[in-house]
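We have chain X already, so just place chains S and P on it with the hints.
Residue numbers (the numbering used here), protein chains in the order written: chain X, 2 to 310; chain S, 184 to 518; chain P, 31 to 442.
To be clear, the hints were calculated from the coordinates, so they are not data collected in a lab. Where hints are given, some of them may not hold.
[Claimed, not checked] Here are some of the chain S residues that sit facing chain X, going by a computed Cβ distance under 8 Å: (1) D266; (2) S271; (3) P290; (4) V301.
C-beta: ideal position from N, C-alpha, C; glycine also.
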Amino acid sequence: MRDLLSYLTQRFFWMLLTLWVVYTFSFILMRSVPGNPFSSERNVPPAIERQLEARYNLDAPPLTQYIDYLVGIVTRFDLGWCIRLEDYSVNQVLAEGLPVSASLAIFAMVFAIILGVSTGVVSAVYRGTYADIGMRTAAVLGIAIPNFVLAGLAILLFVFGIKIFPAGGWGTLRQVALPALCLGAPIAAYIARLTRTGMLEVLTKDHVRTAFAKGLPKRTVIMKHVLPGAMLPVVSYLGPATARVLTGSLVLEQIFALPGLGSHFIHAALQRDYTLATGMVLTYTVILFVMNTLVDISYSIIDPRVKLQ
Amino acid sequence: MSDSILSVDDLRVSFKTDDGIVRAVRGVSFDVRRGETIGLVGESGSGKSVTNLAVMGLIPKPPGTIDGGSAMYDGRDLLSMGDRELQSVRGKKIAMIFQDPMTALNPLMTVEQQMTEVTRMHMGLNKKEARLRAAEMLEMVGISSPAKRLRDYPHQFSGGMRQRVMIAMALSCEPDILIADEPTTALDVTIQAQILDLLADLQKRRGTSIILITHDLGVVAGVCHRVMVMYAGRVVEKSDVHPLFESPQHPYTIGLLESLPRIDQSKGGELQAIPGQPPDLAHIPDGCSFRPRCPFSIDKCVQQDPLLTEVGPDRLAACLVDVETAERKAVEVES
Amino acid sequence: MNTGKDDRDVKLLEQILDESKQVQGVSLWQDAWKRLRRNKAAMASMATLCILGILAFLTPLLPLQSPIDKDLNNRRFLPPSLETVVMGQRDGLKFKDGRLTAQLAKFEDEIGELRTKQRSESDPDKRDAIDEQIENRIEVEHPFNQLWNELDSVSWGLCELRVSIFGDYAIPSIFGTDQLGRDLLARVFWGARVSLIVGIVATLVSLIIGVSYGATAGYFGGIVDTIMMRIVDVLYSIPFFFVVILIMTFLGDDAIKKRMNEIGIDQIMVFYVVIGAIYWLTMSRVVRGQVLSLKEEQFVESARTVGASSSRIIFRHLVPNVLGIVIVYLTLTIPSVMLFEAFLSFLGMGVSPPDVSWGLLLKDGVDALSSVKLFWWVVVFPGAALAATLFALNFLGDGLRDALDPRMKNRD
Numbered sequence: 002m003r004d005l006l007s008y009l010t011q012r013f014f015w016m017l018l019t020l021w022v023v024y025t026f027s028f029i030l031m032r033s034v035p036g037n038p039f040s041s042e043r044n045v046p047p048a049i050e051r052q053l054e055a056r057y058n059l060d061a062p063p064l065t066q067y068i069d070y071l072v073g074i075v076t077r078f079d080l081g082w083c084i085r086l087e088d089y090s091v092n093q094v095l096a097e098g099l100p101v102s103a104s105l106a107i108f109a110m111v112f113a114i115i116l117g118v119s120t121g122v123v124s125a126v127y128r129g130t131y132a133d134i135g136m137r138t139a140a141v142l143g144i145a146i147p148n149f150v151l152a153g154l155a156i157l158l159f160v161f162g163i164k165i166f167p168a169g170g171w172g173t174l175r176q177v178a179l180p181a182l183c184l185g186a187p188i189a190a191y192i193a194r195l196t197r198t199g200m201l202e203v204l205t206k207d208h209v210r211t212a213f214a215k216g217l218p219k220r221t222v223i224m225k226h227v228l229p230g231a232m233l234p235v236v237s238y239l240g241p242a243t244a245r246v247l248t249g250s251l252v253l254e255q256i257f258a259l260p261g262l263g264s265h266f267i268h269a270a271l272q273r274d275y276t277l278a279t280g281m282v283l284t285y286t287v288i289l290f291v292m293n294t295l296v297d298i299s300y301s302i303i304d305p306r307v308k309l310q
Numbered sequence: 184m185s186d187s188i189l190s191v192d193d194l195r196v197s198f199k200t201d202d203g204i205v206r207a208v209r210g211v212s213f214d215v216r217r218g219e220t221i222g223l224v225g226e227s228g229s230g231k232s233v234t235n236l237a238v239m240g241l242i243p244k245p246p247g248t249i250d251g252g253s254a255m256y257d258g259r260d261l262l263s264m265g266d267r268e269l270q271s272v273r274g275k276k277i278a279m280i281f282q283d284p285m286t287a288l289n290p291l292m293t294v295e296q297q298m299t300e301v302t303r304m305h306m307g308l309n310k311k312e313a314r315l316r317a318a319e320m321l322e323m324v325g326i327s328s329p330a331k332r333l334r335d336y337p338h339q340f341s342g343g344m345r346q347r348v349m350i351a352m353a354l355s356c357e358p359d360i361l362i363a364d365e366p367t368t369a370l371d372v373t374i375q376a377q378i379l380d381l382l383a384d385l386q387k388r389r390g391t392s393i394i395l396i397t398h399d400l401g402v403v404a405g406v407c408h409r410v411m412v413m414y415a416g417r418v419v420e421k422s423d424v425h426p427l428f429e430s431p432q433h434p435y436t437i438g439l440l441e442s443l444p445r446i447d448q449s450k451g452g453e454l455q456a457i458p459g460q461p462p463d464l465a466h467i468p469d470g471c472s473f474r475p476r477c478p479f480s481i482d483k484c485v486q487q488d489p490l491l492t493e494v495g496p497d498r499l500a501a502c503l504v505d506v507e508t509a510e511r512k513a514v515e516v517e518s
Numbered sequence: 031m032n033t034g035k036d037d038r039d040v041k042l043l044e045q046i047l048d049e050s051k052q053v054q055g056v057s058l059w060q061d062a063w064k065r066l067r068r069n070k071a072a073m074a075s076m077a078t079l080c081i082l083g084i085l086a087f088l089t090p091l092l093p094l095q096s097p098i099d100k101d102l103n104n105r106r107f108l109p110p111s112l113e114t115v116v117m118g119q120r121d122g123l124k125f126k127d128g129r130l131t132a133q134l135a136k137f138e139d140e141i142g143e144l145r146t147k148q149r150s151e152s153d154p155d156k157r158d159a160i161d162e163q164i165e166n167r168i169e170v171e172h173p174f175n176q177l178w179n180e181l182d183s184v185s186w187g188l189c190e191l192r193v194s195i196f197g198d199y200a201i202p203s204i205f206g207t208d209q210l211g212r213d214l215l216a217r218v219f220w221g222a223r224v225s226l227i228v229g230i231v232a233t234l235v236s237l238i239i240g241v242s243y244g245a246t247a248g249y250f251g252g253i254v255d256t257i258m259m260r261i262v263d264v265l266y267s268i269p270f271f272f273v274v275i276l277i278m279t280f281l282g283d284d285a286i287k288k289r290m291n292e293i294g295i296d297q298i299m300v301f302y303v304v305i306g307a308i309y310w311l312t313m314s315r316v317v318r319g320q321v322l323s324l325k326e327e328q329f330v331e332s333a334r335t336v337g338a339s340s341s342r343i344i345f346r347h348l349v350p351n352v353l354g355i356v357i358v359y360l361t362l363t364i365p366s367v368m369l370f371e372a373f374l375s376f377l378g379m380g381v382s383p384p385d386v387s388w389g390l391l392l393k394d395g396v397d398a399l400s401s402v403k404l405f406w407w408v409v410v411f412p413g414a415a416l417a418a419t420l421f422a423l424n425f426l427g428d429g430l431r432d433a434l435d436p437r438m439k440n441r442d
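In isolation and in its complexed conformation, chain X is listed as follows:
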């Protein structure tokens, strides 16, 4: 218990450090663009421009801006105002987009884990059969096809072809399903491969032979003695997988026109809405950090030899 607490404190410290690095980096990036975010726009009257600058604190010296903004984030979790979306604070955009993206990501992950692990297990247990070869081919295909292509084809097939999913919109399960499947597919493929290799590796271990020698049925041996060990690489992969889901959601939210963080981020980046972009990168960093911490903790739960540090 104390291990866990000190581990969490440590992780928290590292997260703050990482966030600071990200913040500083994007601040410098933002401010190195010549002029201010409004100068490229159609002629804004000088008075209004000054007002705008004051609102975004752009008239202060850079160091003051850096500190003010940082203080705002730390003390009030205030990420400032969006530069492009009028009268929207970054926090508001996050609050609106996060539930959409989060549910999409969670659906995708759950789907990927269930599909990936089960096909991986079947593939390993029936190694060398047609089922195995078929699944491995499907898995490589899933890794080799960009998910926006997959999404395009899926829309063609399921929305216009056999019409089982609606084309867009948000809210019902049917509307989440298709984007989540497209988002999860490459990850499922990767998990299937990891599971298969992991299973085959553990199957050669001495303790599995012991389990068979104890007279346990094959099913029990696979489920209780092989699978947990084979899951270790999969669990480690869940951290990077989260990153992949977040990245993938950028594209899929665009294709399916979902009002999530991803589409906001792309808009923010393309329109140089630096406060919004910074706020989102910081949010993504937190999500990733939390996920990685969860992964570490679950790893240490599965494998008692691993100590959290």
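Using the frame of chain X, we list chains S and P on its own:
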């Protein structure tokens, strides 16, 4: 023999590899009698482990195949049993412990989980009974405060302790036969002695038959009643333990004994290593497979592959030469 | 004189060391090669990749249609067909006789005339003026510059060779045409060049950073290692794809673009570096782990005792030993970089037209997917090209890993 509980006859096992078909076991026959300890001795690769894995149905197929023979236990042939039937024998009637206790236990499960799953399945115990039984077994193999240790994971035990756990687990269903595959090789010398004593003691108390696989003749001398010496997938000599040490009948046995350090040996005396390497089991030469390394070999050995023949009361050896006179045996051995 | 003797000793020992390492190295590689050769999928993948690489390099030589010549009137979204095509046949090009060769000859003649005029001119100012005129005309009017985008000198030469071999012949649009009437087959080939180069160069960048960083950390160990790996840990927790997007849009800013062009940095070059800079993290961890275990081995110790410097030990002794695992990671990094390129191109932040990459083709393809009419070819062919390449790289990577993995060796 009436008191034999396991009788293996003409067992043959091969593996398909990239270098060709490796014939790991080439016609091995033996009996295990009730309450005895039978030693299986040989270099690594001589087929002693494969023999026992085959009996347990643990040969991975593919690449392994059982090409023939039988292993009769309780009136049934283990080699032709279906999965379900085999499962009711494994762990319950015939249990096995392995060479490396570091890897033979599942690192992700507690000792309790690993021990109770056997008794719950084979003896139908419930969770509580199984735990009591596990604690009892741990105590029997000399692990102190067993109830507490049950909750530990294997990595929290030392090597010797883990082997004790393995033994406790293997014996918890009171099997008729315990196959111990080099149970002491990976352990420190002092721990080795403790484990062997433990095995001998348990056997005395319970009357379990033990098949002890080892490459260490010293171990054999200490605990076995009978010995089989294996070479290149064959049994080359089979005998009670004392006669074997007094008058070995096969050149390979002689070699093994000479390579054994002895306390009564003069300080300067060198240990005799057996020259050469065991044959490549994928390409076994004609004639006697030990011939290339054999100091007694004669011309006949090139053409004739010797079979096990009676050389004394309850003694068998597979050699064309009478090692005591270094002359060809009077009895013509069929080829 | 004492030092002379020492030097000789050092040399001798180094030599012995090298020899012994070579002995080990050769057997390791031979062993791996033997294993790899047995793996049919990996060998087929290797062959595929070699052919692909050669074809991509020789693209200008192949009798393909123009990858950039649009025909909005007659050739939009043509399905795959075997109809004969003549280079330069489009009316809008105004090529003489509608043939590339004829136009080429005509253009060469005109330029030749200008050159003779230039030679006969005595006034140096006028001569310079004509020179400039020639250059301008070549840039704008040369048939090659109308049919291809910014050929480098090698490709230019290959194009000339192609015209002399194949004349006006061009492979029919067997992959169909895209929404602007461009030949898809040609675009897939030219796209291969960009995609492969992005994949390879970016991976090489990550290789250089990752290997030197990891090897240094692993070799020095102790506090240096701790600090260096902590930095990697922090970087690992940064959602890099988002940062890359920020960087790419930052670089897309007109003002920044101008400034970069002034110092002669191409956007695509930054692209390589930025992608390379994310993918080095895993590489550095892997290399560090390898080095940590290797440095305990005898030969490093002996190199140190004969006084070899640290950097020498790292780069001459450790890096070659780490090479196996690095090659495996290389084959697995290239596909993810290629996917990332496709991803960025899809978001409009990667390769920008008139350059063409598979990612861009796929974006066009997905954009053209609609329920009204099924233009399947615009997505299927580029998709198949990308998927086949990634397929092959994955299989090869897996095969190499199996072949080089020492654990597998012990299992046999």
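Interface hint for V301 of chain S, Cβ within 8 Å of any Cβ on chain X: 5 Å, holds
Interface hint compliance - P290 of chain S to chain X, C-beta minimum distance less than 8 Å: P290 of chain S check passes; min Cβ-Cβ to chain X is 6 Å, inside 8 Å.
Status of the hint placing D266 of chain S at chain X (closest C-beta pair under 8 Å): Interface hint status for D266 of chain S: holds (7 Å vs cutoff 8 Å).
Status of the hint placing S271 of chain S at chain X (closest C-beta pair under 8 Å): 7 Å, holds
Consistency note: the structure conflicts with none of the earlier hints.
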